[in-house]
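A.B. asks: Listed here are the chains, written in short residue letters.
There are 2 protein chains.
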Amino acid sequence: MECCYWAPSRLPPAFSHSFSRGSGTERCYWTSPTIWRLRKRQRAYTGYDVPRCQKMFVPGFGEASPEAKAARNLQNFFTYIAVKIVLAQLESYNPEAYSELMEFISRNSLNDGDKFCGRLMRESSRHQGLALRILEVRSAYSKRDFEWENLKKLAFKMVDESNTRLMRDYVLETSHMENEG
Amino acid sequence: MECCYWAPSRLPPAFSHSFSRGSGTERCYWTSPTIWRLRKRQRAYTGYDVPRCQKMFVPGFGEASPEAKAARNLQNFFTYIAVKIVLAQLESYNPEAYSELMEFISRNSLNDGDKFCGRLMRESSRHQGLALRILEVRSAYSKRDFEWENLKKLAFKMVDESNTRLMRDYVLETSHMENEG
Chain A
1 MECCYWAPSR LPPAFSHSFS RGSGTERCYW TSPTIWRLRK RQRAYTGYDV PRCQKMFVPG
61 FGEASPEAKA ARNLQNFFTY IAVKIVLAQL ESYNPEAYSE LMEFISRNSL NDGDKFCGRL
121 MRESSRHQGL ALRILEVRSA YSKRDFEWEN LKKLAFKMVD ESNTRLMRDY VLETSHMENE
181 G
Chain B
1 MECCYWAPSR LPPAFSHSFS RGSGTERCYW TSPTIWRLRK RQRAYTGYDV PRCQKMFVPG
61 FGEASPEAKA ARNLQNFFTY IAVKIVLAQL ESYNPEAYSE LMEFISRNSL NDGDKFCGRL
121 MRESSRHQGL ALRILEVRSA YSKRDFEWEN LKKLAFKMVD ESNTRLMRDY VLETSHMENE
181 G
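Residue numbers (UniProt numbering), protein chains in the order written: chain A, 1 to 181; chain B, 1 to 181.
Be aware that a few hints might be false.
What the hints assert, rightly or not - Simulated crosslink set (DSS-like; lysine-lysine; CA at most 30 Å straight-line):
(1) K153/A to K55/B
(2) K55/A to K115/A
(3) K157/B to K115/A
To be verified - Listed next, the stretches of chain B that the computed footprint assigns to chain A, with coverage defined by at least 3 CB atoms under 8 Å from CB atoms of chain A:
(4) 115 to 122
(5) 146 to 153
Since the hints were made in silico from the structure, they are not lab data.
Values in this document were obtained by computation on a predicted structure and should not be read as measured data.
Beta carbons: idealized from backbone N, C-alpha and C, even for Gly.
Using the sequences and the hints, build the whole thing.
C.D. replies: Quick look at the structure:
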């Protein structure tokens, strides 16, 4: 399926094709005036509006979606956070378990949270208890403690601030070069 | 500040100390029965409940918060998505710009989105146009197209499913070994 966003006017292969919004595999954004004229005409004939996809086409995610990829990364992040929480708890009241977990972390990467927990479970019966605690903490943390609304706000703010900073730095740099030249 | 979650009963250093919820630098969860008894007694005396922090303590984030770290990672992810969107648009109607961007990507890592865009801006005037488009797309995508509610649901689901799978696999593995032994 071809999509247009900042692209020249382009007619869709089939005007009333279905969109798979839920899975996020195919996304498009029809902005062409021709499409709007066609849509208006179709509405006049049929009495209802056809379903419309207002999203930009994101290629390369196959059966998954960008949200699924981001969720998978967040899952690994929650495992990392859970390990930090459990370590902080153990440090004060169970230094032996703390040392054991620290030693295990020094030998095993935390990049893949599930692999880490799987290996921790199979290390020894004591490690197994720690792994079960990490699993429970990551679930509780993601559902209760993590501030999802705050994440959204911070991401919007960061993107806006970074965009402004990048453009300002470039303008300052080039105007400085022009003044020197 | 010491915190307890699954930890033995522990009295806080000061019962009515303030909590920095907004910044997320210090988080704790008082579960001790002693605390609840003290809280009940204090409520009976003062007529109101003291402010209570229901979060687990996450160390190691300094002035930032886990949400800020996750938002920074998402920002890089949005830059990666924006590059994919722009490439898909260019491929069909501007093959020359597509090749130029692809060549630039082969030489520059996309891990740090801001660094990538900063370098792209300074490559040439044509590349500068592409960089500005990427900045605009990542902002539009994060605000309009990215399904934040879906991200949350998927993350919950993935954590739950992974926890179940890890425990089931371990139980199956050990019961198999026990049966053999």
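A.B. asks: Look at each hint and say if it fits the structure.
C.D. replies: Comparing the hints with the structure gives:
1. Between the alpha carbons of K153/A and K55/B the distance comes to roughly 20 Å, so the proposed pair stays at or under 30 Å and holds.
2. Taking the CA atoms of K55/A and K115/A, the gap is about 35 Å. The hint is violated against a cut of 30 Å.
3. Only pairs whose Cα atoms come within 30 Å are accepted, and K157/B paired with K115/A is accepted, the gap being roughly 18 Å.
4. Counting residues of the stretch 115 to 122 of chain B whose C-beta sits closer than 8 Å to any C-beta of chain A gives 4, which meets the bar of three, so the coverage hint holds.
5. With a threshold of 8 Å between beta carbons, the proposed coverage of the stretch 146 to 153 of chain B by chain A holds, since 6 of its residues qualify and at least three are required.
Checked against the numbered hints listed earlier, the structure breaks hint 2 alone; every other hint is satisfied.
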